[in-house]
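So the sequence lines, in the order shown, correspond to chains A and B. Its first residue numbered 1, the first sequence is counted upward by one per residue in full-length UniProt numbering. Its first residue numbered 1, the second sequence is counted upward by one per residue in full-length UniProt numbering.
Hints listed in this document are in silico derivations from the structure and should not be mistaken for laboratory results. You may find that some hints are simply not true.
The list cannot tell twin chains apart, which means a pair is met if one copy fits it or any two copies do.
[Said to hold, decoys possible] With a Cα cut of at most 25 Å, we get these calculated SDA-like pairs of lysine to any residue: (1) 183 x 106; (2) 250 x 64; (3) 275 x 175; (4) 96 x 238; (5) 275 x 29; (6) 250 x 337; (7) 268 x 26; (8) 183 x 99; (9) 302 x 95; (10) 250 x 105.
There are 2 protein chains.
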Amino acid sequence: MKLASLKAGGRDGTLVVVARDLSRAQAVPTIARTLQAALDDWATLAPQLEAVYATLNADPAAGAPFDPAQAASPLPRAYQWVDGSAYVNHVELVRKARGAEMPPSFWTDPLMYQGCSDGFLAPTDPIPAASEAWGVDFEAEIAVVTDDVPMGVSADAARGHIKLLMLVNDVSLRNLIPAELGKGFGFLQSKPASSFSPVAVTPDELGAAWDGGVVHRPLVTHLNGALFGQPDAGVDMTFDFPTLVAHAAKTRPLAAGSVVGSGTVSNKLDGGPGKPVTEGGVGYSCLAELRTVETITTGAPKTPFLRFGDRVRIELFDEAGASVFGAIDQQVVRYDGP
Amino acid sequence: MKLASLKAGGRDGTLVVVARDLSRAQAVPTIARTLQAALDDWATLAPQLEAVYATLNADPAAGAPFDPAQAASPLPRAYQWVDGSAYVNHVELVRKARGAEMPPSFWTDPLMYQGCSDGFLAPTDPIPAASEAWGVDFEAEIAVVTDDVPMGVSADAARGHIKLLMLVNDVSLRNLIPAELGKGFGFLQSKPASSFSPVAVTPDELGAAWDGGVVHRPLVTHLNGALFGQPDAGVDMTFDFPTLVAHAAKTRPLAAGSVVGSGTVSNKLDGGPGKPVTEGGVGYSCLAELRTVETITTGAPKTPFLRFGDRVRIELFDEAGASVFGAIDQQVVRYDGP
Numbered sequence: 001m002k003l004a005s006l007k008a009g010g011r012d013g014t015l016v017v018v019a020r021d022l023s024r025a026q027a028v029p030t031i032a033r034t035l036q037a038a039l040d041d042w043a044t045l046a047p048q049l050e051a052v053y054a055t056l057n058a059d060p061a062a063g064a065p066f067d068p069a070q071a072a073s074p075l076p077r078a079y080q081w082v083d084g085s086a087y088v089n090h091v092e093l094v095r096k097a098r099g100a101e102m103p104p105s106f107w108t109d110p111l112m113y114q115g116c117s118d119g120f121l122a123p124t125d126p127i128p129a130a131s132e133a134w135g136v137d138f139e140a141e142i143a144v145v146t147d148d149v150p151m152g153v154s155a156d157a158a159r160g161h162i163k164l165l166m167l168v169n170d171v172s173l174r175n176l177i178p179a180e181l182g183k184g185f186g187f188l189q190s191k192p193a194s195s196f197s198p199v200a201v202t203p204d205e206l207g208a209a210w211d212g213g214v215v216h217r218p219l220v221t222h223l224n225g226a227l228f229g230q231p232d233a234g235v236d237m238t239f240d241f242p243t244l245v246a247h248a249a250k251t252r253p254l255a256a257g258s259v260v261g262s263g264t265v266s267n268k269l270d271g272g273p274g275k276p277v278t279e280g281g282v283g284y285s286c287l288a289e290l291r292t293v294e295t296i297t298t299g300a301p302k303t304p305f306l307r308f309g310d311r312v313r314i315e316l317f318d319e320a321g322a323s324v325f326g327a328i329d330q331q332v333v334r335y336d337g338p
Numbered sequence: 001m002k003l004a005s006l007k008a009g010g011r012d013g014t015l016v017v018v019a020r021d022l023s024r025a026q027a028v029p030t031i032a033r034t035l036q037a038a039l040d041d042w043a044t045l046a047p048q049l050e051a052v053y054a055t056l057n058a059d060p061a062a063g064a065p066f067d068p069a070q071a072a073s074p075l076p077r078a079y080q081w082v083d084g085s086a087y088v089n090h091v092e093l094v095r096k097a098r099g100a101e102m103p104p105s106f107w108t109d110p111l112m113y114q115g116c117s118d119g120f121l122a123p124t125d126p127i128p129a130a131s132e133a134w135g136v137d138f139e140a141e142i143a144v145v146t147d148d149v150p151m152g153v154s155a156d157a158a159r160g161h162i163k164l165l166m167l168v169n170d171v172s173l174r175n176l177i178p179a180e181l182g183k184g185f186g187f188l189q190s191k192p193a194s195s196f197s198p199v200a201v202t203p204d205e206l207g208a209a210w211d212g213g214v215v216h217r218p219l220v221t222h223l224n225g226a227l228f229g230q231p232d233a234g235v236d237m238t239f240d241f242p243t244l245v246a247h248a249a250k251t252r253p254l255a256a257g258s259v260v261g262s263g264t265v266s267n268k269l270d271g272g273p274g275k276p277v278t279e280g281g282v283g284y285s286c287l288a289e290l291r292t293v294e295t296i297t298t299g300a301p302k303t304p305f306l307r308f309g310d311r312v313r314i315e316l317f318d319e320a321g322a323s324v325f326g327a328i329d330q331q332v333v334r335y336d337g338p
């Protein structure tokens, strides 16, 4: 099943069921007006939404055209967004570039931060920044949405609490990060609103590409129209999604609609830092990682962070080449203040 | 105006207007079913709620008895909870005890972390912990609730976006903090669900005790029935609430219903670390601070963290001795797993 939230209809938008090929959508006000409402009562409402989905796929005349530009993030605002760093390769690389050793525990104890969830950018909304000097970067990721997860859940039991998957652009302000992390309390100003793919999908939509813990497909990022990266999300993911959910729930329950991210998707190559697309590699899922590799290779980064007008597109395709989630497609714009 | 959310009525509870003396409450389903709904449309709905409040105060027969034990946190779940450390004295002390210098920038750049907001404990709910070895502690704080705050707001303009105030118990798992902060991404497992006072109040309810930025009243904490601390929230608050709101909104807007905390209220005494209540001082707002003072004074902490069965009560009184927000009153209990 595929679900989206149209911007129209208020702060939480309007829940629609989207056809598998993303061509059409159907509002479902008699079942649930918003995706959060559906998640709040998922066991009861999901089968009703699945019935609409079956009809929509079977009848090409059903529903109305689906325009991703009219879509908000599937959860336009959420009660929780936590983001792991499951591709530990990425963490090791970024630290290496600044000469910091990575503690061995990072391979067994997930890194995860509590992100802001009070308002996500829509998948085709601009990314506002007051200054290019902030070092605006994208991070292409995958995220899951849970129902109610009890405190202390095991990773095995967490698997059953994963109800939806989405793509993420975890917007990061690189030049604000060192000082902010140096204060010791994690990200706040350096991680502004993230955006998510137009469509959230139930795990079965991924077929064999979802093994219950990991998505085995390349995550494709384009920068200003050129391929930037297509690492396989199923490779080098040290902590799978159930492990990340269990980590988040160790000392407290997670409420329905909690969003748990993978961190930047990143693949090693022969144990090394991978290769840019321009050198025949699978590339990267953020500028910081390419800059890190440039630093390791040549002593200094040469690729700049995003500038006003730059455009990032993040998408994931099935084996037949069809877009599973629709595309995150955003342009960085200057913000002149309130 | 005073507002609360009764637990009955679903995940967001039922919004009620509460009489000034906390004796009675009135549901307002034709105005707003939940506090979040009221905050989503505050400019329109607040005057209607104020009218109910006036009637409730004028007519002793209006409304039904208000029982804080039936109250959820005013926002049972919220889209955002960020917590500052505005009483920099507290930060300096805690660092001193572990031999860490505090950077001078901490006096000019607020420390703030993104907390979990997907489910707050009710004001009289137990605090579940799987182990006393987690080092369970309370932190008595004050928080404000905003309407929609634009990105890049000035501290001056942020003042007008503060719509409600509440008390907070920012539950902290002290023994999980060093390792988690050591990973560099801030709190996650070490800051489980917080709880808030039964009642949220508009700033005017504080009269002269609210100067537009700071609450000038003692915040009173009892531990197992004995006075533990009563530092004045208006003393030694280095960053006032508008400054904290502006800090949170530097790189992104804050959605209506965002909760911004003060951090643990803490007073110096003659430039020093204050004194415990048992020695005639105003005491502290968390065990960690008392333990820090014990460490500085005697070389080691002697007060243990909370044990199963321990009870914490946090309250704030007006000059006439009336409780403004009702009491947070919670007992730590053993959690045996899902």
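25 Å Cα cut-off: does residue 250 pair with residue 105 within a copy, between copies, both or neither? within (17 Å within a copy, 33 Å between copies)
Could you figure out if residue 183 and residue 99 sit no more than 25 Å apart (CA to CA) within one copy, between two copies, both or neither? both (19 Å within a copy, 16 Å between copies)
If the cut is 25 Å between Cα atoms, do residue 250 and residue 64 qualify within a copy, between copies, both or neither? The answer is neither: 43 Å in one copy and 39 Å across copies each exceed 25 Å.
Give the relationship of residue 275 and residue 29 under a CA distance limit of 25 Å: within one copy only, between copies only, both, or neither. neither (48 Å within a copy, 59 Å between copies)
With 25 Å as the alpha-carbon cut-off, assign the pair residue 250 and residue 337 to within, between, both or neither. between (40 Å within a copy, 10 Å between copies)
Classify it for me, residue 96 with residue 238: is the Cα-Cα distance of at most 25 Å met within a copy, between copies, both or neither? within (18 Å within a copy, 37 Å between copies)
Within, between, both or neither, where residue 183 and residue 106 count as close if Cα-Cα is 25 Å or less: both (20 Å within a copy, 8 Å between copies)
Is it within, between, both or neither when you check residue 302 against residue 95 at 25 Å Cα-Cα? For residue 302 and residue 95, the Cα distance is within 25 Å only inside one copy (18 Å; across copies 39 Å).
At most 25 Å between C-alpha atoms: does residue 275 with residue 175 qualify within a copy, between copies, both, or neither? within (24 Å within a copy, 41 Å between copies)
If the cutoff is 25 Å on CA atoms, where do residue 268 and residue 26 land: within, between, both or neither? Let me know, please. neither (41 Å within a copy, 61 Å between copies)
Taken one by one, the earlier hints fail for this structure at numbers 2, 5, 7, listed in ascending order.
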